[in-house]
Every structure is written in C-alpha cells, then in structure tokens.
Amino acid sequence: MADTTGTMRVLHVTDTFLPKIGGAEIAIDQLVRAMGKMGHECSVLAQRRRGVGKEIDTPYRLRRFANPRSSLWAGWWIERRMRALGPADIVIGHHAFPPGYACVKFGQKVAVPSIVYPRGGDIYEVSRFRRKKLAWKKLTSALVEASAVVCASEAMEGIVRQITGGRERRIVRIPNGVNVAELRQEAAASRFARDPKFKSPFVLGLGRAIHRKGFHLLIEAFAALTPRDWRLVIAGDGRELEALRRQAASQGERVVFTGLVEGADKRWLLQHCRFMAAPSLEESFGNVALEAMSCGKPVIASRASGFAEIVRHGENGLLVEVGDAGSLREAVETYRRSSLERESAAALATAEAFSWETIAARWDVLMKELTART
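Quick note on numbering: numbering that gives the first Met the number 0 labels position 240 of the sequence shown as 239, and the sequence is numbered without any gaps.
For the record, the hints were derived by calculation from the structure and aren't laboratory data. We put the beta carbon where it would ideally sit given N, CA and C, even for glycine. Do not take every clue at face value.
[To be verified] Taking lysine-lysine pairs in the DSS-like style, the calculated list, with each CA pair at most 27 Å apart, reads:
#, residue 1, residue 2
1, Lys108, Lys131
2, Lys108, Lys132
3, Lys367, Lys131
4, Lys53, Lys265
5, Lys108, Lys136
6, Lys36, Lys19
7, Lys198, Lys265
8, Lys265, Lys19
9, Lys196, Lys265
10, Lys53, Lys36
[Unchecked claim] With beta-carbon atoms standing in for the labels, derived distance ranges:
#, residue 1, residue 2, range
11, Arg68, Glu356, 37 to 43 Å
12, Leu84, Glu181, 46 to 52 Å
13, Arg238, Arg60, 30 to 36 Å
Generate the whole structure from the sequences, applying the supplied hints.
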C-alpha cells in the first residue's frame, strides 16, 4: 500500500505531449509540475513526436514510447513500456484510449489504482475511435473499469455517462488550472512589441487552427465590423490555417496570422489584446479562456462545453450561441465599444481561483482516497 500521508509515485501516461504546443500538452505538464511541488514523485510516459529529436528539459522524469502502428494493439504497446519504468502507486491515463486503456490494464495486473482523464477529442462525436469497433470497445471498457474517471467539465461528464451507460465506478470533476504569475511576466522581448501592425487595438483568437475551434466564424463576424482600424489576430497553427488565410484574404491586414506562439510572444498577445474571442464548436474545458483571464482580459466564447463553466455572461465575458456568426459579431461589437474595466477585474479573479496549486490539491485528495483502498 502507498504511503497515503506523504509522497506517492505517480505515473502519467499520454499520447500527446510537449514540445507539441496545445491545451492538453500544456495542462499535463503544469499538473505534473504542481504535483511535484506537493512532494509527489511524478513520471511521464509520453508518445514520441515524429520529427523531434532533441528532448525537452523537465523537473520530472520523462520517458517516451514510439507511435503504435495500429490501434488494435496500442494499449498493449504502451503497457509494456509502463512496466519498464518501475513501480508506481497510482497511474493516470490522459485520454481514454489508448493511454487510459493501458493504465487500467496495467493497474489491474499490478494492483494499483488507475485514473482515466478523457480530454475531449478522444470521446467527442467526431472521435476517430468511434469508427473503429474494437478501439471503441476498449475505450469504453477503460471508462467503465478505471478506479476513477476525471472530467474537466460537466459537459465532459455527460459524454462519459452516455458512453458507459452509467456503469463507471466513479466520476470526479476536476478542471484544468492556469499559471497566473507566469502569464503575467514581462513580455517586452516579444517580436510583436516592435511590430507596427500591433499598435492598433486587436481581438485575439488563440488555439489550434482546426475546424472545431470556430475561427472561420470569427473571421466572418469580424468582416462586418466597423471602424476598420481594429485588427483580428489569430495565433496558432494547424491543418485549417491555409483555408483560414484564404477566407480572410479580402480583409487585407485587418486579419493577422502569427502562426504558433509561445513564451514572450504568447504572453504579449494575451497582455495587449483588448479581449479574447473563442467561438469553439466543441470544447472540453477551455484553457485559453483562463489564460486570457490571467492577464485580465475578458472572453467572448461560445456556449460549447467547458467554456460555459468558466465564462459568466455579463461578468467576466460574454457567451454566444454555438456556430452563430451573427451573435458573435454583436458580442465583439459590444466589447469594442466598452471600457471593460469591470469585466477585466472579474476575469482576473476567475483565473486566480483556478491556480494549479488549487487544482493539484484536489487531485491529491482523490489519489489518497484511491490508494488508501488498495
């Protein structure tokens, strides 16, 4: 049995991780760091990203596994590598399949608790696993058989219950966190600080350039706005980026695409935008909303999933209907005409309530409860 009063050996398993930049990758890293500060001995087993040779530096042990060639045996492939890392007191699979499935099977064999943390794309209606009968069966079994399933939002919890038919052992809702102090650090070294395009007031869209992020709706909404001195900045990379560029071409320099941003560049955009717009069609939690709020920026977001649990309409942001470019345009116009001082203060207060120290403490309670039973 683990020492439930002190340090636990916690193994996190994920099929996506840094240096890839995205909400899930950043959240996993920050959670592991926060658990380490609490005294837990954390390790991460992550899938190796193609084309990346040099490893990143982390304050925790990081090991990689090669990309499984087939989802039919992906769980077994990961589980083999978990055994090579030595004993653990608890295992956490980020994404229900294949990492979650591998953690459940590993936990059953070595008699340690397993936690499955679905992160959205793995269980949404658009999940590729829904089209693969055996993979979906394994994903479902992971949710049913895990010692606990952690969901970041009420919407995610509802999807899990629909998949399992209520057969899961336990669901615990723990949101993602945010590092407020880090995002508010000095950003004067950013390349954007000296770029004349960023002297005009701008609205920020931040995230992967994929369809479900809704940036096509934001471009459509922005096209109808006046006056013309405002800019829309879309920061991120992804498979839809070129399509978005074509859509925005008629607006000239009013729409600026920065590509992937991190470090001082990301902080500068968050600190200097007037507000953020996040019109996602689906969103498991909405990390970008907390990142903007950490810099005192209110957020216009769709009512999609997790955003509606962070953004309080009329207080720290505005909520618009999913997929509705018209209501998005009206919200952007409302904020363009507002001072946003009250909304800014409310946004910062919201972010501070989601500090990683607070979130890690909730994980700590859950892990100690589970290990106490084994």
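CB-CB spacing for Glu181 and Leu84 relative to the 46 to 52 Å hint: With Cβ atoms ~29 Å apart, the hint is violated.
What's the verdict on Lys198 and Lys265, does the C-alpha distance respect the 27 Å limit or exceed it? Satisfied, since the Cα-Cα distance of roughly 16 Å is no more than 27 Å.
Under the criterion that the straight-line Cα-Cα distance not exceed 27 Å, is the pair Lys108, Lys131 satisfied? holds (26 Å)
Taken at face value, is the distance from the CA of Lys136 to the CA of Lys108 at most 27 Å? holds (20 Å)
Assessment of proposed distance window 37 to 43 Å (beta carbons of Arg68, Glu356): holds (40 Å)
Quickly compare the C-alpha distance for Lys53 and Lys36 to 27 Å and report which way the hint goes. Judged against 27 Å, a Cα distance of about 26 Å means the pair holds.
Decide if the proposed pair is consistent with the structure: Lys108 and Lys132, CA atoms, cutoff 27 Å inclusive. Cα-Cα ~25 Å, so holds.
Assess, step by step, whether the Cα of Lys196 is no farther than 27 Å from the Cα of Lys265, and give holds or violated. holds (16 Å)
Restraint status (C-alpha distance of Lys367 to Lys131 at most 27 Å): violated (35 Å)
Hinted pair, alpha-carbon criterion (27 Å max): Lys36, Lys19. Please report holds or violated. Since the Cα atoms of Lys36 and Lys19 sit roughly 24 Å apart, the hinted pair holds (cutoff 27 Å).
Next pair to validate is Lys265 with Lys19; report whether the Cα-Cα distance is within 27 Å. Between Lys265 and Lys19 the Cα gap is close to 15 Å, so the pair holds against 27 Å.
Just to be careful, I want the Cα atoms of Lys53 and Lys265 compared with a cutoff of 27 Å; is the pair within it? Holds: Lys53 and Lys265 sit about 23 Å apart, inside 27 Å.
The structure fails to meet hints 3 and 12 from the earlier list, while all remaining hints are met.
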